[in-house]
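Visitor: Go ahead and model the full structure; you've got the sequences and the hints to work with.
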Amino acid sequence: MKIEVIKREKNLLEFYLEGEDHTFANLLNEVLHENKHVTFAGYTIEHPVLMARKPKFRVVTDGKVSPEKALEEAAQKIFDRARAVLEAWNEAIKG
Numbered sequence: 008m009k010i011e012v013i014k015r016e017k018n019l020l021e022f023y024l025e026g027e028d029h030t031f032a033n034l035l036n037e038v039l040h041e042n043k044h045v046t047f048a049g050y051t052i053e054h055p056v057l058m059a060r061k062p063k064f065r066v067v068t069d070g071k072v073s074p075e076k077a078l079e080e081a082a083q084k085i086f087d088r089a090r091a092v093l094e095a096w097n098e099a100i101k102g
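When you read off a place in the sequence shown, starting at 1, and then add 7, the result is the number in the numbering used here.
One or more hints might be untrue.
DEER-style ranges, computed between Cβ atoms [stated by the list, open to error]: (1) Lys76 - Phe31: 11 to 21 Å; (2) Lys43 - Arg88: 15 to 25 Å; (3) Leu57 - Asn97: 35 to 45 Å; (4) His40 - Met8: 39 to 49 Å; (5) Lys76 - Glu25: 18 to 28 Å; (6) Leu93 - Lys17: 13 to 23 Å; (7) Ile10 - Asp69: 18 to 28 Å.
No farther apart than 30 Å at their CA atoms in a straight line, the calculated lysine-lysine pairs in the DSS-like style are these [to be verified]: (8) Lys63 - Lys43; (9) Lys14 - Lys61; (10) Lys84 - Lys61.
Everything labelled a hint here was simulated from the structure, so no lab data went into it. Just so it is clear, CB atoms sit at the ideal spot from N, CA and C, and this is done for glycine as well.
Guide: Below, the structure is given as structure tokens:
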């Protein structure tokens, strides 16, 4: 995974998420929407054949947090949830 920043302004961040597809992009988008300071979050895949593994994101916030901070918080939430699933799985197979 690689992030390529396209545009960065005070409350706006546009970037490509190289190496990912709809699976992770949709998850990230949904978690970004959980943040009350994110006023818009969305992604597109510009060309389904040529850009299939390079979603383009746009994140806009209300200014109380930066788009970068919102992205950081969303990534941490995803990590924490994945850890909880792994722990639940390990507990289930033990017993």
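Visitor: Confirm or reject each hint.
Guide: Hint-by-hint comparison with the structure:
{"no.": "1", "hint": "Lys76 - Phe31: 11 to 21 Å", "verdict": "holds (20 Å)"}
{"no.": "2", "hint": "Lys43 - Arg88: 15 to 25 Å", "verdict": "holds (18 Å)"}
{"no.": "3", "hint": "Leu57 - Asn97: 35 to 45 Å", "verdict": "holds (40 Å)"}
{"no.": "4", "hint": "His40 - Met8: 39 to 49 Å", "verdict": "violated (20 Å)"}
{"no.": "5", "hint": "Lys76 - Glu25: 18 to 28 Å", "verdict": "holds (22 Å)"}
{"no.": "6", "hint": "Leu93 - Lys17: 13 to 23 Å", "verdict": "violated (37 Å)"}
{"no.": "7", "hint": "Ile10 - Asp69: 18 to 28 Å", "verdict": "holds (22 Å)"}
{"no.": "8", "hint": "Lys63 - Lys43", "verdict": "holds (22 Å)"}
{"no.": "9", "hint": "Lys14 - Lys61", "verdict": "holds (16 Å)"}
{"no.": "10", "hint": "Lys84 - Lys61", "verdict": "holds (22 Å)"}
The earlier numbered hints that this structure contradicts are 4 and 6.
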